[in-house]
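Under our numbering, the letters of the sequence shown match residues -2 to 346, in that order.
Watch out, some of these pointers could steer you wrong.
What the hints assert, rightly or not - Here are the computed distance ranges between Cβ atoms for each label pair:
#: 1; residue 1: Glu16; residue 2: Arg43; range: 20 to 26 Å
#: 2; residue 1: Glu137; residue 2: Glu85; range: 38 to 44 Å
#: 3; residue 1: Tyr138; residue 2: Asn73; range: 48 to 54 Å
#: 4; residue 1: Glu16; residue 2: Glu139; range: 20 to 26 Å
#: 5; residue 1: Gln136; residue 2: Asn317; range: 29 to 35 Å
#: 6; residue 1: Asp167; residue 2: Glu137; range: 21 to 27 Å
#: 7; residue 1: Gly282; residue 2: Tyr138; range: 16 to 22 Å
#: 8; residue 1: Ala339; residue 2: Glu85; range: 33 to 39 Å
#: 9; residue 1: Gly169; residue 2: Glu132; range: 42 to 48 Å
#: 10; residue 1: Leu9; residue 2: Gly152; range: 15 to 21 Å
#: 11; residue 1: Gln35; residue 2: Met224; range: 22 to 28 Å
#: 12; residue 1: Ala280; residue 2: Ala191; range: 53 to 59 Å
#: 13; residue 1: Asn73; residue 2: Asp13; range: 52 to 58 Å
#: 14; residue 1: Thr129; residue 2: Gly152; range: 21 to 27 Å
Stated by the list, open to error - Calculated lysine-lysine pairs in the BS3-like style (CA-CA distance at most 27 Å, straight line):
#: 15; residue 1: Lys342; residue 2: Lys30
#: 16; residue 1: Lys14; residue 2: Lys30
#: 17; residue 1: Lys149; residue 2: Lys163
#: 18; residue 1: Lys143; residue 2: Lys163
#: 19; residue 1: Lys342; residue 2: Lys143
Rather than coming from a laboratory, the hints here were simulated on the basis of the structure. For every residue, glycine included, the Cβ atom is placed at its ideal position computed from N, Cα and C.
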Amino acid sequence: MEALTRNVWQGLSEQDKQEWMRRIELQLPEGMKYEGLQTFERYGQRTQTGAFTHDEQRFVFVPGDQVTLGWEKWHNGMDEETSEELHETVSEYGVQNVDSFLASQMSPVREVNIGPMLVECETISLGWIEVTEEEAFAQEYEDFPKALAEFKESGLNEYELHLVFKLIQDRGEVRILWFNEGIELEDIVREETADGFSLLTEDEWEYVYGGGCRTLFPWGDSFDYTMRLRHLGKPERPVQSEQASVNTETDGENHHLYDLELSNFFGVQFAGDPYKYELTLGADGEVMPKGGDGGALICGGTGPLLSFLPSASVFFRDVNVDDLDWEDLMDALYYRRVIRLADMKLDGE
């Protein structure tokens, strides 16, 4: 498996990379297909990797690495704009030592060995289930037919009736998602395991997101104020009521609206939304949330830097994780599937 570590992989020829991907394809769950090599570049990092599909869902090969994760001190330091916002914001909460405050929120520094794996590019919603139009009408929700008809004529990109249904324009088609109550986390893990998949561990999540970056964000220690950010982006999303929200922005062929949602250097997309949690597996196999704080900081008016800090790769966990009620958070919970390759016996090794 040495060829599947990051440093060695980057130096392989395209022919060798293709051969490795075809070996891997032979060991994968039924229906999973190798589609070819793709190159992704972002935050100053570049990866040529293998792309796979399974039931129309995209996966990419992520090479393994021995890497340092976590954050405890500045690498390059903040620029003036970032420093000014950070000090001004935390001072309102009585914080005097900014560095100590940040370090207390970050994932602990440690050395880890990450094995090679196939990682699903996008997350799967735990609470929202995609249904056909016929299945949606069968729900017999009286407001749905009118909402669907109006949405098709509206030109809007997205419409949501809180904890009932979502309508999303996608390449000229309307996708319908219905809120699914009563699903258990343990059932999801058990079902995916039976199908040959698993969830990312916390270590894997931090590696896939940041690639072992030693800075506060994957792009550096300073915040990028030119980014379009969900909930803070412009133009702002018009809100029709307390229960219904719409989104009119599009992003060309990519169909992703904000900078933090775009594919990273591995070809993996993250929510970039502090209201959402991505579920990972902790050291003891327990489910752990990453990538958000339920919107606690953004609701507190802390500004873009601290509001989106929980979405950073080096942020540890929501400080209230032990008090979280998973049932109440079902609409904000997401996960992605992974296939670990380290234990596979590949022909030709």
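Consistency of the hints with the structure:
no.: 1; hint: Glu16 <-> Arg43: 20 to 26 Å; result: 21 Å, holds
no.: 2; hint: Glu137 <-> Glu85: 38 to 44 Å; result: 52 Å, violated
no.: 3; hint: Tyr138 <-> Asn73: 48 to 54 Å; result: 52 Å, holds
no.: 4; hint: Glu16 <-> Glu139: 20 to 26 Å; result: 57 Å, violated
no.: 5; hint: Gln136 <-> Asn317: 29 to 35 Å; result: 33 Å, holds
no.: 6; hint: Asp167 <-> Glu137: 21 to 27 Å; result: 25 Å, holds
no.: 7; hint: Gly282 <-> Tyr138: 16 to 22 Å; result: 38 Å, violated
no.: 8; hint: Ala339 <-> Glu85: 33 to 39 Å; result: 46 Å, violated
no.: 9; hint: Gly169 <-> Glu132: 42 to 48 Å; result: 20 Å, violated
no.: 10; hint: Leu9 <-> Gly152: 15 to 21 Å; result: 47 Å, violated
no.: 11; hint: Gln35 <-> Met224: 22 to 28 Å; result: 24 Å, holds
no.: 12; hint: Ala280 <-> Ala191: 53 to 59 Å; result: 23 Å, violated
no.: 13; hint: Asn73 <-> Asp13: 52 to 58 Å; result: 35 Å, violated
no.: 14; hint: Thr129 <-> Gly152: 21 to 27 Å; result: 23 Å, holds
no.: 15; hint: Lys342 <-> Lys30; result: 18 Å, holds
no.: 16; hint: Lys14 <-> Lys30; result: 16 Å, holds
no.: 17; hint: Lys149 <-> Lys163; result: 13 Å, holds
no.: 18; hint: Lys143 <-> Lys163; result: 14 Å, holds
no.: 19; hint: Lys342 <-> Lys143; result: 55 Å, violated
Going through the hint list in order, the structure does not satisfy hints 2, 4, 7, 8, 9, 10, 12, 13, 19.
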